[in-house]
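Asks: Here's the letter readout for the chains.
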Amino acid sequence: MKPASFLWVLLVLAGSVPCRAQEPPYFVTYSHDLEEPGNLEIAVKSAAGTPQYGNTFISETLELEYGAKGWWTTEAYIQGQHTSNDSTVFNGFRWENRFRPLMREHFVNPVIYVEYENVNQADKSLLEVTGHDSISDFLLTNAQGRLETERSLELKLILSSNTRGWNISENFISEKDLNESDPWEFGYALGVARPLALAASGKACFFCRQNLAAGLELYGGLGDLDGFGLRATSHYLGPTVSFDIPRGPTVSFSPNFGLNDNSVGVIYRFKISYELQQIFERLHRGAE
Amino acid sequence: MNRGHLLAAGLLVASIAICAWAEAPWVNHVSDAESKRTNPYANQQEAIAAGARLFADHCAKCHGPDALGRKKRPSLRTPEVQQALDGEIFWLLRNGDLRHGMPSWSSLPEPARWQIVAYVKSLGETAPRASNSGESGRP
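Line order of the protein sequences matches chains F and U.
For the first sequence, the working numbering gives the first residue as 1, with consecutive numbering after it.
For the second sequence, the working numbering gives the first residue as 1, with consecutive numbering after it.
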């Protein structure tokens, strides 16, 4: 891309009017709310923690989420992390697609999630927990973790309901390493959230309750085909809050508390997301 | 004709019927009970003002800041929309019309969706722009 073209794209993006995403404030759990068709959400997700006997780390994930259709959202991720007393490394990429098979709203709404991952073992993003993931994964040095790249297929069944202002979501996760003959691994994520006000105010306001949402997330591993269950894996629970800045981005925060000895004590999560509406239409108009 | 052919023919007819049902205008899918729901915020100025803000945040990019539609996105000021029952528009906001690009807004709390309905119905009828080639009347 020529520098002038790049500058033009940046100008168009900067001039885009962001809208308030109405997604629940989850970090791991998915609800059935897809990206609106034509909208592009750019998000940066951070996870930081200090595992026992390990070094403090901070993982960064850049997400680009696009509403391809009313029933289909596609999303690309690139990831990296920094570990103190070690180094900063690039971890890899992911490409996910979410499909709504039912075209109407029901009490429970299923979404099919399909993701391809190409991520090395130094990944500390904790975008999900599957199999026997545990605190020992965080004790690898970055040099050791970079040696092996896992190419895997991840499938999720997302079940989600919106009722009386509450969102209740359940995700069943399965993951298969495509490199090796490891068995399918499983995990779960559960979330419940609600905006602090159900009706909007007619007046302009910044710290209104309608701009805030709060919830709770619980997620962890379920072992694998050879050893299914809640043991020998990690589990986390944490409150989560988000603030939709009027005419600006959405910021979310959540401390996740490890529930057993296989988990990191506390993981602090932070996310900032910015939604650009009708991005290709805007770029097209900008080119005319 | 053996049993296999009958089964295949039956499946084909059922598929065509399902597709035809799914392609029918959204309003055909609204039940009587849903369409008869009344808007608790109807004609309330404060709710209309709140609905205007929600509309600007969530709807204006597709339907235009004046709700007159943009490109293939329809005007909401046509007789079809303005004469639709509040319950019918509320149903559309909850369910969307995913095949035709209208997302579901079920993530917006119910009172907020009624505020949007109040605002849309407050706009009244206006002829769509000449340049608007949208499927008028189908939000």
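Think of the hints as simulated: they come from the structure by calculation, not from any bench.
Heads up, some of the hints might be wrong.
Said to hold, decoys possible - If you anchor each label on the Cβ, the simulated ranges turn out as follows:
1. U/Ser35 <-> F/Glu148: 55 to 65 Å
2. F/Gly265 <-> U/Thr38: 32 to 42 Å
3. F/Val108 <-> U/Ala33: 16 to 26 Å
4. F/Pro183 <-> U/Pro65: 49 to 59 Å
5. F/Phe90 <-> U/Pro40: 29 to 39 Å
6. F/Ile78 <-> U/Asn2: 54 to 64 Å
7. F/Ile112 <-> U/Thr38: 28 to 38 Å
8. F/Gly265 <-> U/Ser35: 36 to 46 Å
9. F/Asn97 <-> U/Asn28: 27 to 37 Å
10. U/Ala8 <-> F/Pro101: 15 to 25 Å
11. U/Lys72 <-> F/Ser87: 21 to 31 Å
12. U/Pro65 <-> F/Asp182: 27 to 37 Å
13. U/Ser35 <-> F/Ser136: 50 to 60 Å
Backbone N, C-alpha and C define an ideal beta-carbon position, used for all residues, glycine too.
Asks: Which earlier hints turn out false for this structure, listed by number in ascending order?
Replies: Structure breaks hints 2, 5, 8, 11, 12.
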